[in-house]
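Heads up: the sequence lines are chains A, B, C and D, in that order.
Quick note on UniProt numbering: the first sequence kicks off at 1 and runs consecutively.
Quick note on UniProt numbering: the second sequence kicks off at 1 and runs consecutively.
Quick note on UniProt numbering: the third sequence kicks off at 1 and runs consecutively.
Quick note on UniProt numbering: the fourth sequence kicks off at 1 and runs consecutively.
Careful: at least some of the hints might be erroneous.
Simulated pairs of lysine-lysine, PhoX-like, Cα-Cα distance not exceeding 20 Å [stated by the list, open to error]:
hint, chain 1, residue 1, chain 2, residue 2
1, B, 317, A, 9
2, A, 209, D, 265
3, A, 153, A, 89
4, C, 265, D, 265
5, D, 338, B, 209
6, B, 400, D, 9
7, A, 9, D, 209
What the hints contain is simulated information worked out from the structure, not anything from laboratory work.
Number of protein chains: 4
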Amino acid sequence: MMRPLNEEKVFKDPVHNYIHVQDTTIWRLINTAEFQRLRRIRQLGTSYFTFHGAEHSRFSHSLGVYEITRQIISLFERNQYADWPKEEKLLTLCAALLHDLGHGPFSHSIEEAFDMNHEDWTCRIILGDTEIHNILCEVDPELPAKVASVIAKTYDKAIVVNLVSSPLDADRMDYLLRDAYYTGVNYGTIDVDRIIRMLRPHDGRIVVKESGMHAVEDYLMSRYQMYWQVYFHPVTRSSEIMLRLIFRRAKELYNSGFQFEFMMKPIISLFEEQLSVEQYLKLDEALIQTAFMQWTTERDSLLSQLCERFMHRRLYKYVELESHNMDMINDVREAFIKAGLDPEYDLVVDLPSDLPYDIFRPGDEVSQKQILLLDRQDRLQEISEVSDIVRSISGLHRGKVHLYYPEEKLNAALSLFSPSITHIFI
Amino acid sequence: MMRPLNEEKVFKDPVHNYIHVQDTTIWRLINTAEFQRLRRIRQLGTSYFTFHGAEHSRFSHSLGVYEITRQIISLFERNQYADWPKEEKLLTLCAALLHDLGHGPFSHSIEEAFDMNHEDWTCRIILGDTEIHNILCEVDPELPAKVASVIAKTYDKAIVVNLVSSPLDADRMDYLLRDAYYTGVNYGTIDVDRIIRMLRPHDGRIVVKESGMHAVEDYLMSRYQMYWQVYFHPVTRSSEIMLRLIFRRAKELYNSGFQFEFMMKPIISLFEEQLSVEQYLKLDEALIQTAFMQWTTERDSLLSQLCERFMHRRLYKYVELESHNMDMINDVREAFIKAGLDPEYDLVVDLPSDLPYDIFRPGDEVSQKQILLLDRQDRLQEISEVSDIVRSISGLHRGKVHLYYPEEKLNAALSLFSPSITHIFI
Amino acid sequence: MMRPLNEEKVFKDPVHNYIHVQDTTIWRLINTAEFQRLRRIRQLGTSYFTFHGAEHSRFSHSLGVYEITRQIISLFERNQYADWPKEEKLLTLCAALLHDLGHGPFSHSIEEAFDMNHEDWTCRIILGDTEIHNILCEVDPELPAKVASVIAKTYDKAIVVNLVSSPLDADRMDYLLRDAYYTGVNYGTIDVDRIIRMLRPHDGRIVVKESGMHAVEDYLMSRYQMYWQVYFHPVTRSSEIMLRLIFRRAKELYNSGFQFEFMMKPIISLFEEQLSVEQYLKLDEALIQTAFMQWTTERDSLLSQLCERFMHRRLYKYVELESHNMDMINDVREAFIKAGLDPEYDLVVDLPSDLPYDIFRPGDEVSQKQILLLDRQDRLQEISEVSDIVRSISGLHRGKVHLYYPEEKLNAALSLFSPSITHIFI
Amino acid sequence: MMRPLNEEKVFKDPVHNYIHVQDTTIWRLINTAEFQRLRRIRQLGTSYFTFHGAEHSRFSHSLGVYEITRQIISLFERNQYADWPKEEKLLTLCAALLHDLGHGPFSHSIEEAFDMNHEDWTCRIILGDTEIHNILCEVDPELPAKVASVIAKTYDKAIVVNLVSSPLDADRMDYLLRDAYYTGVNYGTIDVDRIIRMLRPHDGRIVVKESGMHAVEDYLMSRYQMYWQVYFHPVTRSSEIMLRLIFRRAKELYNSGFQFEFMMKPIISLFEEQLSVEQYLKLDEALIQTAFMQWTTERDSLLSQLCERFMHRRLYKYVELESHNMDMINDVREAFIKAGLDPEYDLVVDLPSDLPYDIFRPGDEVSQKQILLLDRQDRLQEISEVSDIVRSISGLHRGKVHLYYPEEKLNAALSLFSPSITHIFI
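All chains, please: the whole structure from these sequences, using the hints.
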């Protein structure tokens, strides 16, 4: 199914140096309107408020995931590994390239606010009346459905799904490297070449050669640190909270018949939960930012102030609670209400959480969420059985509850709080 | 005038590792709405169409220019150089931080299309009714005017102007490093620490110690290569041409009374050349992209097609002419007209040009545009008198004329061209 | 006591970019014969056999330790921390610069073979009749003794000792960065600027601000990975074993009156355990390599073969045992003897071990081996009480027993082994 | 002729990340005594006295040259370029790997002092009774002679010679990158991937695609800067001068029958110009340094002082002359003689020179020393005809005459000099 280009084409990339495109279909997919749209969706959402360098888009990341996948398959082919199904190459590359296609603007927040899911949208775009759909169809009428099933993790060859989504997939490898590069932190600098060299197609899935254990440990630790240093940074969480509060308020206003001075069609469709693929594709971060900027002068002062906060980076401040104490949180909420603050918009309780690695428990079935090591005798072992490091971080939930609030309002109310509540905020 | 923060604050930066903020005024300036707006203006305009990593904003760059200036002044102070006027520190740092404040969306194109100038806007914002103006005034009511005069290069102490704008200023040093980092090309990797170590305040201006000549050569060569490899890349030029054609067409339509389905107030003010500071501050790249996206469905097919080209990266193709032959260009234009193409919108002639370094000519006055070397006997020499390398690139204009055009229309018209014209395009 | 240079001097350094020398005494110490000798002692001993890039010397590392210490003190001074004893600056810098002065050729192996200790030699050189001693005396006749006591960890101000040797000292920070740079592995890339920013002089010792916990975790993990990936790499261990066997054999021969065709005075003194400082200073890696090269043609075939192995990198092969089973090891030794192999020279049992971090146990006194975190309420906590990551690696001993042997001899003997022994080696 | 390894092997390399070995012959060549010897020969001779990081060996560089060559050939094969003679692959790789095999200790100085040539030695080792010779013979009895002829540039297929030695060969690309990495200067950071992508086998030689012109310009400028910033650094030149004076003095003494307290056989053979391959292979930098260290206590004070200078880095100081004035140099020499200084050992006149690129002159034959660009019409042009940059640096000889001398002796004599001579030295 591969249709080689006459001449290999390259994109200059700061992370992989060059992205190599060797196939006509891949080249055409990149040049579709739907794929180019990813330039207007940032990879790390609002993280640029915390790390000003993190302004990179999902376009770059998608190319990176494609490139890592290409390198892995190229190594499999070079070494003629018997367990790699060669005929799946184009499908795998397409799925790798397109796996993030459905991300919306400020993805995590909008998904939470409107109960959407970017994977569903990826599949809708691939299967809908789009340029991407047409290009895939030209290769094979079954291809769009196949690509969608790989992304939905329902494709029947687990090894293909494995490359695109597993604890050690091309997606995670690229985002660690890329996010580290653009934020400037060095926690994400993993030896991706070494990890790639250690991967083996084996009995229908991707496993890791035993001698690659340390590289995998290092990768899991990098992931762990990136989560706590970057992805869950409280300033980023605060900006996501701003976003969610804006969406919530605007939808409330819309539902209550408020007349917006500025409104756009894709946003109406979003509020009405009737987004078509066509409207969704116009819903990029430029549009959201433009609406928010215009809303800074809407008559509803709650909305306009929230929009000002987001646009000018006047985020809610936060305190970290020592323990996850629901009684205390309820007390705080009560105190806010008594002091005349709004318990819905002036206080947000947040608990970030992540499992750096899902440990294997004896008796469990071998799942896609596990990393298996292949030893010299061709035996498989789940990595946390062998690595102290992995075992030690597997069960960790380090997240602590944070309270977010508008500083000025809180300061004005502090004198009305009881000492035990006041104490939390100073 | 400096008001030290209790505790030094830092921003993590991929280029300088950390940006150090030690003064309250600087901290407050960064947190203004006007400065935060720079997050929505890309440093390299449309270059991300050519180098997908180049998505960084003028916000990062402005912090970087501030940081380099801070490092230079810190070294001057540490070494107690007599010719450095210590009392100018805060003014210099403010001017460095704010020098790009007035950049509009896709700056070069919009300035060309509407005959605006970002330096004027920088001064209007600093002197207008803005948060920045107020913060500067609090320090000293004269400060806004002083900062503006440094940026306008009219401040009476040339040494301050020199640090902020000269052939070897903090601005150029940061953008070379930063643009190289984000594009991923390595042409811009200069040894900025070494250059900084070689700078000397001397007799009212900044000069370079003679032993730093090679570092300066390397810097000028980097600049030269970045111009031709990145800033003047024909794909980037093509995207800038798209932008200008869109602006031209939209303004034409507006002037002719066309009823836009989507229009926003700052754009109307732009067309009417009546932008207030307040409107200008809303005119960011998100707004422009949103307008263009909406215009992809306007009834004017020229406008809608141009917007589609820009949004989906379907740029005009180009050919490079071997020589700058006006007759040939006129012949091409004639042929386009005869073949029914639009000479205004279907053919754009472009000649990029840059002087990597303005050479000193005997008899010239010493200007701000020159780099002076200071030898051990405290004599000054203009660098191109000493360096073969600098002399050799000083007069270079390497730009070649390029013709840009819509590929499909041209292909359809090719058979109507005479062979000599056809020949140019294949 | 500081005597500033007229002009700051710099060394170009790949790790820190520039090493800054601002004091005359430091400059003069670097230019002594004893300090220059460190150019002929590799930082990582025989690791270059495993990682060919690891050819860097203790000279570079010593400059790096000095530079990090200088940066820490500079930050302490800039922030005017009350708990930093300013008068200790020169002493601390000298101790940082000189702390590795006494390292001999292939330090770890020679120390093990001849029961020497490089810290003792550092002190002997500083206190002996050397250029370094004279320069320190010129500043203050007490200075040599003080510098020696800091290095011997007996100096009465623990905070000075802390900067030079503690679990988070300038020594460890430099070697992680430097060894990672020269080997090319990325396990050692720590954010040293951030760690430095988090250090606080506090109540007579150096502690870490609580918000720096993650940076410290990352640093400890880097150290852990470097130990197992680089410092304890079995190929490096094998080359160290070669070295020790050569030293053992040569000393045996010398003691037995063997007439060496090639012998040098410092080696005789080494064998006779009568090394003077003067002789020790001549005992560099060039001399050891020259002796070994000449000994490749000595009449004792055991010695000459071992030397050939070392010089031409024909190292012993190894197997890793699944468990530390003394009975099995004894069985192997028996089998070697029965098969006519030499149990002293043909079989080496090796168990590398390291404690990545010494955990605090309730009831223990606070020791120099602990990293203390300082929270906002000025309370101190030992890091493993707070960090799951640190706790999880604190007690880890991952080392496994390896057997090293000459492959050809083993292969020739394999048929004489019982199957259970044979099984270990294939 | 290729004999693939069962499994590709890799070396971790800081410059190329991994060196890939896929062929048995290459693997065996690397493991010979002769190739391992390159670990004891520094790539940059005495440059570590100027840039302390520059302690890397010719071993690393040789692997790097091999790796770049492997990548070039791999690209040629992948793109199935018709003009690449596939059957020459192993020969080319062997020649790339072995091209520096004959380098002696502190190569440039020893070659100058004893009129030797490392290429001759490379060929003698390849053709002599060595492990390398035997391994090559096993593949093909003609192979040693072929490899030698490629290195001697007499092999009849110019394209093979081109890859190994030409102005744009793998050798130069690796040393620029590697020397920049280890010294820490950034002048040598070229985009080697891009250059490789632009190379084309064409009509019996390697040419460059026209669109690669800028990458080649950048490469030539890097080379130019590295020459003047690193390779010709006056401190390095001074250390090379020390070396040559030591060799000269020691040989004089030997010839005059002086009884050395310390002498080694390879040095005697060197002095008698009767070095066998066997002796030459023992003549590494460890041996030279050991001899020099021992000679610091020889009875001849000139020799012992020169050796002290070299071992303890007490190099001759230097002045740069404004012009190359032979009369002035003669006057200086006279003054030295009159003042009782030794015109042979106390004054060294040095003029470094390099041609960054040999320009093509109309009428010249196309030579191996030229870089040819291939345009879209398959026409070849010599690069300096097209590139202003290359033309401008082609003829440059920037070297200035330097005088080197022992500072203390000169200072003692200064009062005896006439003012015009004194003036030169202050």
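How the hints compare with the structure:
no. : hint           : result
1   : B/317 to A/9   : holds (17 Å)
2   : A/209 to D/265 : violated (50 Å)
3   : A/153 to A/89  : holds (17 Å)
4   : C/265 to D/265 : holds (18 Å)
5   : D/338 to B/209 : violated (37 Å)
6   : B/400 to D/9   : violated (48 Å)
7   : A/9 to D/209   : holds (15 Å)
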